[in-house]
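Participant: If you want the building blocks of each chain, they are given just below.
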Amino acid sequence: MTLTELESLSGEAGDFTVTLRQSPRYVDMSKCIGCGVCAEKCPKKVADAYNVGLAKRKAIYVQYSQTVPLKYAIDQDACIYFKKGTCKACEKHCPSGAIKLDDAEQLLTRRVGAVVLAAGFQPFNPKNLGGYGYGRYPGVVTSLEFERVLSASGPFGGHLVRPADKAEPKRIAWLQCVGSRDTKAGSHSYCSGVCCMYSIKQAVIAKEHAGDDLETAIFFMDMRTYGKDFDRYYEKARQSGVRFIRSRIHSLMQPDPETGQQKISYLDESGASHQEAFDLVVLSIGLEAPEGFRSLAEKLGVELDRHGFASAASFAPVASSRPGIYVCGALAGPKDIPYSVMEASAAAGAAASELSDQRFTLVQKKTYLPERNVAQEPPRIGVFICNCGTNIGGTIKVPEVAEYARSLPHVVHVEENLYTCSQDTQDRMSEIIAEKGLNRVVVAACSPRTHEPLFQETMNNASLNKYLFEMANIRNQDSWVHAQEPEVATEKAKDLVRMAVTKSALLAPLLEAELPVTQAALVIGGGAAGMTAALNLARQGYPVHLVEKQDVLGGAARRLLHTYKGEDVAGFLEGLAREVQADPKITVHLNTTIAGVQGFIGNFKTELQTNGSSQSIEHGVAVLATGAREYRPQEYLYGDHPAVMTQLELDELLRQNDKRLEEIDNVAFIQCVGSRDDNHPYCSKVCCTHSVKTALELKRRRPEANVMVLYRDLRTYGPREDLYQAAREQGVLFVRYAQQEKPVVASQDGRLNLSFVDPILGRPVAMNLDLLCLAAAIESHQDQQLAQMFRVPLDGDGWFLEAHQKLRPVDFANDGIFLCGMAHYPKPLEESLAQAQAAAARAAAILGKGNIKVSGLVSRIAEELCCGCQICVNVCPYQAISFHEGRQVALVNEALCKGCGACAAACPCEAPVLMGFNNRQLLAQIRSAL
Amino acid sequence: MKQEKFEPKLLAFVCNWCAYGAADLAGVSRLQYPANVRLLRVMCSATVSPHHILRAVQSGADGILVAG
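Sequence lines, in order, name chains A and B.
Quick note: the first sequence uses our numbering, first residue 10, plus one each step.
Quick note: the second sequence uses our numbering, first residue 927, plus one each step.
If you're looking for bench data, these hints aren't it; they were derived computationally from the structure.
Quick caveat: nothing in here was measured; it's all calculated off a predicted structure.
Some clues are possibly wrong.
A few chain B residues that don't get close to chain A, going by computed Cβ distances all over 10 Å [claimed, not checked]:
#1 Glu930
#2 Lys931
#3 Phe932
#4 Ala987
#5 Leu991
For each label pair, taking beta carbons as the anchor points, the in silico distance ranges come out as [stated by the list, open to error]:
#6 A/Thr11 to B/Leu957: 37 to 43 Å
#7 B/Gln984 to A/Lys40: 56 to 62 Å
#8 B/Pro960 to A/Ala384: 26 to 32 Å
#9 A/Glu444 to B/Ile979: 40 to 46 Å
#10 A/Arg331 to B/Leu957: 46 to 52 Å
#11 A/Lys65 to B/Ile979: 41 to 47 Å
#12 A/Asp314 to B/Ile979: 57 to 63 Å
#13 B/Pro960 to A/Pro78: 29 to 35 Å
#14 A/Pro33 to B/Pro960: 39 to 45 Å
#15 B/Leu957 to A/Gln248: 43 to 49 Å
#16 A/Gly403 to B/Pro960: 18 to 24 Å
Even for Gly, the Cβ is constructed at its ideal location relative to N, Cα and C.
Only chain B is shown next, with the shape it has when bound in the complex:
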């Protein structure tokens, strides 16, 4: 049986004022990182509720990051 390499799907909730800005700066600095993560901008990490996390898991996320 052919084994496919596992590629996780990650979702990151990022605060507009810090983590989102840091992700922008990573771009300006041309830091390279794997493309498995999708960033979702929120105005504050306080916006993120357990519902959002559960919805992400239900939708197939293998990992979730809340950065703020």
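If we strip away everything but chain A, and leave its shape as in the complex, we get:
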């Protein structure tokens, strides 16, 4: 439901009634074919909001070329017809009669069980901060504008220019924290969490676009590259010549009237003053809660945090303050894509677990007629050629292509359609298939990526196997890209039709195997993440085996004191463990390890080892939540001096109200102990916030104590910045040290002595300490064995590697196996819990299916041709091929096969056959193409 907003909500969790206001699109979505003729003919140009005003669009428009759904809409505020009552150019030229100028707003009522709020953020507007001259100085742009400049689909086709005068910049500066980490009026005190990383990315890509002689400089306070692999990216950027200057720029001077250059004055860390001129200055603007969200939240009765984002508790990270309403993404605080995607799955899962008794009650199941057996028939091919209004027919001479198609072997029926995809053509296609006894169908139209499923459905309806269908792409890859050359486009269309017909004559019906799914889950790791995932799955109605190698549930979180928001972790964990143990659907296996795993999605069989005895369990999905551990420091006299301890050890003293804490006067924290170095070249993400939180706690207990934090970059990202600010207000001292000049800790007559170089004085400082807390790295378990058993990868640091770092953050490439918690990467408790809910939601989606349909496009190995060399076993990226020792042949597991064909290409004997793309078909198609 596009163009729709929530008007009001009543009822309660499980039974809400929502009123939705749907604004008119003025285009009939069922008729619009997305051809764009309307926009071409529309005389009215307006600023294109998608390109942040850097380009123009028409009054009838799609936001961008990949818009889903690809349906045009009229911008009523801009449209001439709505202002003056005349024009209607779009209506006149629309080939499918889709324009609906009498469209009206509608109020719709729906009953729903749960609501997910995912309204995102809005970019900070730097006009609020006059000092940067944004909107006045031609060389100052926002990072979002710069993003569009860099984009290949942007206003300049990806060519790097200064938008105001199209000059090519030679020197670009990024100013970090514009609108973030700033307590001035009109700005935000929190850290926006994403800008450091996107600025580095922009600098790197700008250099790729413009060449290495482009000079780039990022002015920053703390470089907050705390995500998975982010620090590596930062290092790489530095090595490729991006300059990083630790200095906050609060304002800009008037630009040079001749060159448009902006001079930037700054102090370096030693206090020396510099001035540099840049052709372009990019303001790294932050994220803020979207306009109007406050009033929506009031309507919904959802609480907001002090920054205007939806507030959620650490222990229920996607639940809003109102039961039945969930929040995810940047609406609940600034965050990046992977974490937003995680929260989205988590919110869906949380909603689903509350509504599990209603699952599938509104689903209608479709039944198909049995397929006609065409195996013994000679090919009888029908070719349907689409004009797509004028999209194809306006360039390509469709009658000529049709005439040519009639001359091709096995073709018994050819017809031209205005729109082959329209419903009446589908009905007609079914009739023709029956009437003419067609057993293969070729459609020459748009792209199989968008339309193949529609035509395959028609095949099914006409009792034909859907794999007896082939498409020729004569629109996206012909008429649209050769619009000025109708002759060659027509010749190309004939070639494409010939290629499709040649292949279709060789097509065979394919089977889609159905495999049952064992309705049970295995969760490995009984920590906070594992327990949350198990409980979530159990609440959705599935039996869960929860495996924990220790003799107690709780994992690493048992050693934590508080979350950064001050919530008590121990109490939460106790409650969680109690719920897990009381749940009849969860079987807890303590003191248990995994001895072996067999099978694949829907059908796993796992060997558990408990105190020497083994047991085999069957499950359809697995969730890996094996956690991580605190690094045992080798440095700073750890283990040699009793006053040196790690964060978790200090948490324990605080929990015990240890007497020692009552006498301490001088405390120091050293950050990045074992992190961001050669052994662990990554940021452990949680330690800055942990130290700041603990420093505050020490100050609370003993205000007269001197508390100092020695850090490299302070990474209290997002709303955690508030803690950093509070700590400074409470008198905690923050002193930066450089990696090359680490602090030195010595013991003199039993007293602990700390010395470091003060970056402002530039001189060494020494002091005695009563307590030294080391922010030790979080390191992985490097669990090669488990990874191999489940056939999932580990990255270079030993973290389990997800299927896609941005878009599939809890999936593995190997289906049916999911990931959550610190086994993925160090992260705070609330993020682990969100990820656990997400993993449970993804896993439940598979269990909910009952059975899995495997695509027909899989590899089959002809055993009589197999020489047993096992090359295919080695090249298969999905470990779908195994070797049968008895028969000395390779076997494909269809459930694991993704149909990539690597085995078929690699085999010296051509034993593997990729169904639907076999060598006979491909070779014939190659010959017919040329």
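Given the coordinates of chain A, work out where chain B should sit on it, guided by the hints.
Facilitator: The following block gives chain B in isolation, referenced to the frame of chain A:
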């Protein structure tokens, strides 16, 4: 002797999930390019073997692109 302008015949093996989608997007964006190339869709560029390339050369291709 009249010299005809040489027009190469190119064959591109394109992966359904990336390059084929990119070629579709080129169409949506109305980018124009010479019509000398024929696209052959495969489900993964791993499907393409040396045999296919040799067959294309034998069949008269002047250039071959594997995009994935």
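Participant: So, for every hint listed, does it hold in this structure?
Facilitator: Hints versus structure:
1. Glu930: 15 Å, holds
2. Lys931: The claim stands: B/Lys931 keeps its Cβ more than 10 Å from every Cβ of chain A (closest is about 13 Å).
3. Phe932: Consistent with the label, B/Phe932 stays out of reach of chain A, its closest Cβ about 15 Å off (over 10 Å).
4. Ala987: 5 Å, violated
5. Leu991: The assertion about B/Leu991 holds, with a minimum of 12 Å to chain A.
6. A/Thr11 to B/Leu957: 37 to 43 Å: 27 Å, violated
7. B/Gln984 to A/Lys40: 56 to 62 Å: 47 Å, violated
8. B/Pro960 to A/Ala384: 26 to 32 Å: 42 Å, violated
9. A/Glu444 to B/Ile979: 40 to 46 Å: For A/Glu444 and B/Ile979 the Cβ distance comes to about 42 Å; the hint holds.
10. A/Arg331 to B/Leu957: 46 to 52 Å: For B/Leu957 against A/Arg331, whose Cβ atoms are near 48 Å apart, the range 46 to 52 Å holds.
11. A/Lys65 to B/Ile979: 41 to 47 Å: Check passed, 45 Å falls within 41 to 47 Å.
12. A/Asp314 to B/Ile979: 57 to 63 Å: 59 Å, holds
13. B/Pro960 to A/Pro78: 29 to 35 Å: The hinted range 29 to 35 Å holds for B/Pro960 and A/Pro78, with Cβ atoms some 32 Å apart.
14. A/Pro33 to B/Pro960: 39 to 45 Å: Hint holds: Cβ distance 43 Å, inside 39 to 45 Å.
15. B/Leu957 to A/Gln248: 43 to 49 Å: 34 Å, violated
16. A/Gly403 to B/Pro960: 18 to 24 Å: 20 Å, holds
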